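**Q** Sequence:
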Amino acid sequence: MKNKKIFVWSALTAIIVTATVNSCKKGSLNTSDPNNVTTNQYYKTSDQLTKGVNAIYVAIHSLGLVSREWFFIHDLRSDEVASGGGQLEAPRGQMLNGNADPANSVLNSVWNAWYTAIFRANVVIQNGPVVTDNGPLRDRLVGEAKFLRAWAYFDLVSQWGGVPLLTTPVKTASDFQPRASESEVYSLIIKDLQDAAAVLPEKSGTDKGRATASAANAMLGRVLMQNGDYAGAKAALLKIPTTGVNGYTLTSRYLDNFEEETEFNSESIFEIVFVDKGDGGFNWGGDSPTEAQSTVRNQEYNPIAWRNLIPSNKLINEFENTATGAAKSDPRFHYTCYQSGDTYNKGASVLTDGDQNGNSSVMNGVTKKISFRKFMIIYKEGLPAAGFHPGGNNQRIIRYAEVLLMLAECENELGNTAAAVNYLNMIRARADVAMPPYPTAQYPVGSKADVVKAIMHEKMVEMGCEEIRNIDILRWRKKQYFTTDPFPYFKKGRDELLPIPQAELDNNPKVNGHQNPGY
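If you use mature numbering (1 follows the signal peptide of the UniProt record, and there is no 0), the sequence shown corresponds to residues -19 to -1, 1 to 500, in order.
For the record, the hints were derived by calculation from the structure and aren't laboratory data. Hints should not be assumed to be uniformly reliable.
[Claimed, not checked] With a straight-line Cα cutoff of 30 Å, these simulated DSSO-like cross-link-like pairs (lysine-lysine) come out: (1) Lys220 to Lys472; (2) Lys459 to Lys429; (3) Lys361 to Lys295; (4) Lys429 to Lys258; (5) Lys220 to Lys434; (6) Lys189 to Lys295; (7) Lys295 to Lys32; (8) Lys172 to Lys459; (9) Lys172 to Lys189; (10) Lys189 to Lys361; (11) Lys309 to Lys434; (12) Lys172 to Lys25; (13) Lys309 to Lys327; (14) Lys472 to Lys459; (15) Lys473 to Lys491; (16) Lys258 to Lys25; (17) Lys172 to Lys472; (18) Lys473 to Lys434; (19) Lys459 to Lys295.
[Claimed, not checked] Per label pair, the in silico range of CB-to-CB distance: (20) Asn227 to Asp28: 37 to 45 Å; (21) Val256 to Gly306: 15 to 23 Å; (22) Lys309 to Asp487: 20 to 28 Å; (23) Thr324 to Asn302: 14 to 22 Å; (24) Asp466 to Thr19: 31 to 39 Å; (25) Thr224 to Lys309: 44 to 52 Å; (26) Glu70 to Glu163: 29 to 37 Å.
Because the structure is a prediction, the values reported are computed rather than measured. Cβ coordinates follow ideal geometry from the N, Cα and C atoms, glycine included.
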């Protein structure tokens, strides 16, 4: 955890130096360093606490997480993506092929960045009670910190199993923690999300991008489903309003969920904010409270840029298509993917095979070049700008469509198949999707098993490459819903979890010797 240690040691140095100097004071000599403020000196006002919470968001926006490595770690652990070609870097290729080892740089980046976010959240949560100038704002800020800490731990425990559980700021160089059990980590996550949901407000027109009560309840639904508590998940999800000024509804246009002009729409429950810096270089923004941050996603998946990952044949052929006997071709294929012959740049440019470097795909037996469309910004720009453009398109983390799909799964698991099918049909009835309602010839819904297949299908075509499939695979694998595992490399007893990063093993004596099985 070298990156994490750099940050932690800088904080520890301030604490240790200040404590040492204060212990040597004589008389009225003032030896405090005005340039070295410690956390106990700083967090006294709601304005200062706000800056502390903003620092958590900064860590989550960073290249180590949502700007880059976060979407990679989830997509590479799904069956929705394939290599775009030889340009895919080795660490990502290792993950895609199931060969990641403890030294993998993507894993280390995500691990370190989440623990940076956790450290900052712990500082806010611990110091929140001393802030008295604005009680309602203080409570909201602590609620945001708990939401973000819960998200961090959910990502960690779902991918690595039991992890070191830190609930207070690290203060000394010996504050190492062993791996907690998965149940201990989940208990903290659930408590944090319940606390957050109780104090956070609903959405507003001014504080866009901040966690809300609905975001906390939606995340709680994800977590409880992963734990098999479908009744609890349903209860949390039903707390999300669907009417009034705070209500969430599906947008009539599917692509509104992936374009810059339609950020924070009626379907968006939580999204990470990015800024288009108008920069064609590598200045994407780093771990700074004042520097704007861009996302590299538009570069990584862009049909006419790096194209490191492309839609897998599994994802492409999951969409219902009249060529395969469906009553209607699913328009979400064209909203999710670009293929040669499609227009972009506001209709002024036509995508060709030559534009898309690297590998081809096979759809319905036909070989063709297919790339991702979601979150790409070439819909409104062409070459040369589109060829290298870190973007400002917000990453949607939770949208209302996922809530409906989670409710469908909850109802089906609780024996309410008719209610489950109703939720699925709400998704299919979106104005510019308008797919025939279930049951269909391909997807009957006469039994729980039938509805499971419909849910698995509908979630893939609705939320393809939105960093949800990885979590679904982990849950559905445990429930033995796959007749064949999604990954050809899967080895039971190893590939359920990722390897604990080597740097953590080297630096933490309480974790060393406790690697996940198979590594």
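**Q** Find the hints from earlier in the document that the structure breaks and name them by number, from lowest to highest.
**A** Failing hints, ascending: 1, 4, 6, 7, 16, 17, 20, 21, 22, 24, 25.
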